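*Asks:* As a plain string of letters, each chain reads:
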Amino acid sequence: MTGESLAFYGLAFMLVGASILAVSVRNVFHAAMYLILALFAVAGYFVLLNAEFLAAVQVLIYVGAVAVLVIFAVMLTTRLTDARVRAHNEQVGAGLVVAVAMFLAIVMAMWSTSWPISDAAPAVDNVRTLGRMLMTRFVLPFEIASVLLLAAMIGAIVIAAKETGPPQSEEST
Amino acid sequence: MDISSYSAVPIFLGFGVLFVAFNYFLNSLVTRNVAEPQKYDSYECGEVPEGSAQIQYNVRYFIFALIFVLFDVEVIFIIPWAVVYKDLGMFAFVEMVLFLLILILGLVYAWRKGVLHWFTRPVEH
Amino acid sequence: MTLYQYLALATLVFCIGLFGVLTRRNAVAVLIAIELMFNSVNLLLVAFTRYISPDGLVGQLFAVFIIVIAAAETTVGMAIVLLVYRGFRGIQVDRIGFLKW
Amino acid sequence: MELAPVVDLVRDAVTGFLQSLGLPAFVIDMVLALISASLIAGFMAVLALAFVWVERKVSAHIQNRLGPMRVGWHGVLQTLADALKLLQKEDIRPAAADRWIWWWAPAVSFIAVFAAFIAVPFGEGLVVRDFNIGVIYIVAITTFGVISMLMAGWGSNNKYSLLGGFRSAAQVVSYEVPMILAILSVVMVAGSLSMMSIVQAQEGTMLGFIPNWFIFRHFPFGLIAFIVFMIAGTAETNRTPFDLPEAESELVAGFATEYSGMKYAMFYLAEYSAMYVMAAMGTVLFLGGWHGPFLPSWLWFAAKTVLLVCVLIWFRWTFPRLRVDQLMELSWKFLIPVAFINLLAVGLWSVL
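From first to last, the protein sequence lines stand for chains E, P, A and G. Sequential numbering of the first sequence, starting at 1, is according to this note's numbering. Sequential numbering of the second sequence, starting at 1001, is according to this note's numbering. Sequential numbering of the third sequence, starting at 2001, is according to this note's numbering. Sequential numbering of the fourth sequence, starting at 3001, is according to this note's numbering.
Note that these hints are calculated values from the structure, not bench results. Incorrect hints may have been included.
[Claimed, not checked] Derived Cβ-Cβ restraints for the label pairs, each shown as a range:
id, chain 1, residue 1, chain 2, residue 2, range
1, G, 3014, P, 1090, 25 to 35 Å
2, A, 2087, P, 1112, 40 to 50 Å
3, P, 1026, G, 3351, 40 to 50 Å
4, E, 121, G, 3017, 45 to 55 Å
5, P, 1038, E, 151, 52 to 62 Å
6, G, 3005, P, 1034, 32 to 42 Å
7, E, 121, G, 3023, 41 to 51 Å
8, E, 4, G, 3021, 34 to 44 Å
9, P, 1098, G, 3023, 47 to 57 Å
10, P, 1098, G, 3021, 51 to 61 Å
11, G, 3203, E, 140, 20 to 30 Å
12, G, 3023, E, 155, 42 to 52 Å
13, G, 3326, A, 2087, 25 to 35 Å
14, G, 3039, E, 151, 31 to 41 Å
This one's a predicted model, so the numbers in the text were calculated from it and none came from an experiment. Idealized CB from N, CA, C, for every residue including glycine.
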């Protein structure tokens, strides 16, 4: 129906445009803004693909937490002299060639294989099925994920909380 | 409620942008801008602003953002568990207790390391 | 919207992220590009779930785990970027080579 | 007299009229959504004006003074006068500001709350779209408010707004975890995320006279979840005792220092509408939505929501403002452990 194709191409324009700008724009804060736009477009795609719980998770985690972390990092590490520093290193040409070659190779491989497309009706309430699957079949990855989060937390705290070098001048704030 | 019900979200977002742009346009229509150089300095309670605003701020904000990302991710696992909890029996409860204990360990570690405290420098053990 | 269009779109975003990783000098911009690659993989998995096994949502669960691990990876990555910034007063990826000697 | 049949009548009339024009299905869908969007935008504007007036009157009477009395009967038109004043204020963009980010920050903060109104019910059957992930949709969309604070802080390139943006973002972020955990302890008993089925789960009464609301169910834990939700909700909408970022005494106007005229009004509108959304969510989750004896459903819902808003206003004018470290420690060292234990307790209660 035309509603879905309109949504698909609209989101495609938004996603591809935002990701190209996120990668190419000089000011890193603007890059973070375009990243948020791209993440929101991907959440829109999840809704189009009947994965509404995933769309909510995507917005909640990526836009609500990871993007905030990226913006905090940008705020903490941008220095005035960065405006004149080159944003891209000298291998831009080579990078472009590698990216285009990779794109062509993968797309050709994907389009030549015949996928077993099944036309079963998509699950309506996927939060419930996801929850049931998570609790019954995928219990081991579920528990290992908590161990991984614990390791990431301890690692991040050890790295970030280490006060090396001269005491920061802005201790007062 | 199939996915066509989500068509309202982009319409609301678009309408919101139009509503805000219309208000700004209304504002620009009614006001007249008197160009006055001092007016466009950044606001420093009246003094002349010196130095750039982008001085580095302390790392404390960053550590809170770090811990928040990990706790937010953990909460995402609890949502599907909470939705199906009524149909699952005791074992789902035990699984979740295990999951939460491991992560509360992380919170206790952050607490003992003094990272959650705002002003003092993290105490080195 | 057939599966092939989603494949092309996800691969395109993946290659844009790859280009970003290869060419950006600011460490935070490299992490932004990596986020794009993670998202393209998630998009692909959800597209596969929708078109190939709509009732068994294994692909979506896989995407949830990828989101979780990507968030943990970005957290640790940002902590390292901060430590490098504090010690090195700059996060130009190609100038941080003090592990070499 | 229920409002739901009236709304359905209007909707069928409009769809009938549009079908007669021969528009495809999804265009009709869009037109209906546009109509509801404009209605909600109007409702938000009127709501914000009303709440500012209510706040000024309630705060006045708390401090036993009269509050605005001159403009219209008991100062009713005072906020309208303020809005018009803000409308004609000159919109000064500081030269050092980062043009587009500075321009978009108030817009993003308004749109974040405006899009959350899709899932917020106004009575039985009175909701724009009832998503089956209703609750986390609202929480997810309102996280864009944090992004708008950081944009405002960084975009206006001003020491006060940068620090204010940092602090309010860190505060809202750390109070989001206990808020979601409090919501989850209700979702666990209701067994669904959609706002409508959560309210349906609170039907009927138990032990004869106590209504079956979540605040009374599983006795101590429902109440604890409500208290955690209210504290986290006050912090989410940046209101005292948690409004340090905009503390007049400290950071001038926090992240909104460099804004004047309509853009400042946009932040104001977003804050009061976020307060309404938070109160409406509290009503749906804990106070039984529109369940209540004689009155029609939408009146019950409006009464409970206004009651919660008055509680928030009452908080503002009685509690002193918390220091930054007390503020952060309250969330990480007190609210999150309490919310976790409460979640497990409710889990244990329904298993035994």
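*Asks:* If a hint holds in the structure, say so; if it doesn't, say that too.
*Replies:* Hints, verified against the model:
no.	hint	in the structure
1	G:3014 - P:1090: 25 to 35 Å	violated (51 Å)
2	A:2087 - P:1112: 40 to 50 Å	violated (25 Å)
3	P:1026 - G:3351: 40 to 50 Å	violated (57 Å)
4	E:121 - G:3017: 45 to 55 Å	violated (32 Å)
5	P:1038 - E:151: 52 to 62 Å	holds (54 Å)
6	G:3005 - P:1034: 32 to 42 Å	violated (55 Å)
7	E:121 - G:3023: 41 to 51 Å	violated (27 Å)
8	E:4 - G:3021: 34 to 44 Å	violated (22 Å)
9	P:1098 - G:3023: 47 to 57 Å	holds (55 Å)
10	P:1098 - G:3021: 51 to 61 Å	holds (59 Å)
11	G:3203 - E:140: 20 to 30 Å	violated (39 Å)
12	G:3023 - E:155: 42 to 52 Å	violated (56 Å)
13	G:3326 - A:2087: 25 to 35 Å	holds (32 Å)
14	G:3039 - E:151: 31 to 41 Å	violated (50 Å)
The structure is inconsistent with the numbered hints 1, 2, 3, 4, 6, 7, 8, 11, 12, 14, although it conforms to all the rest.
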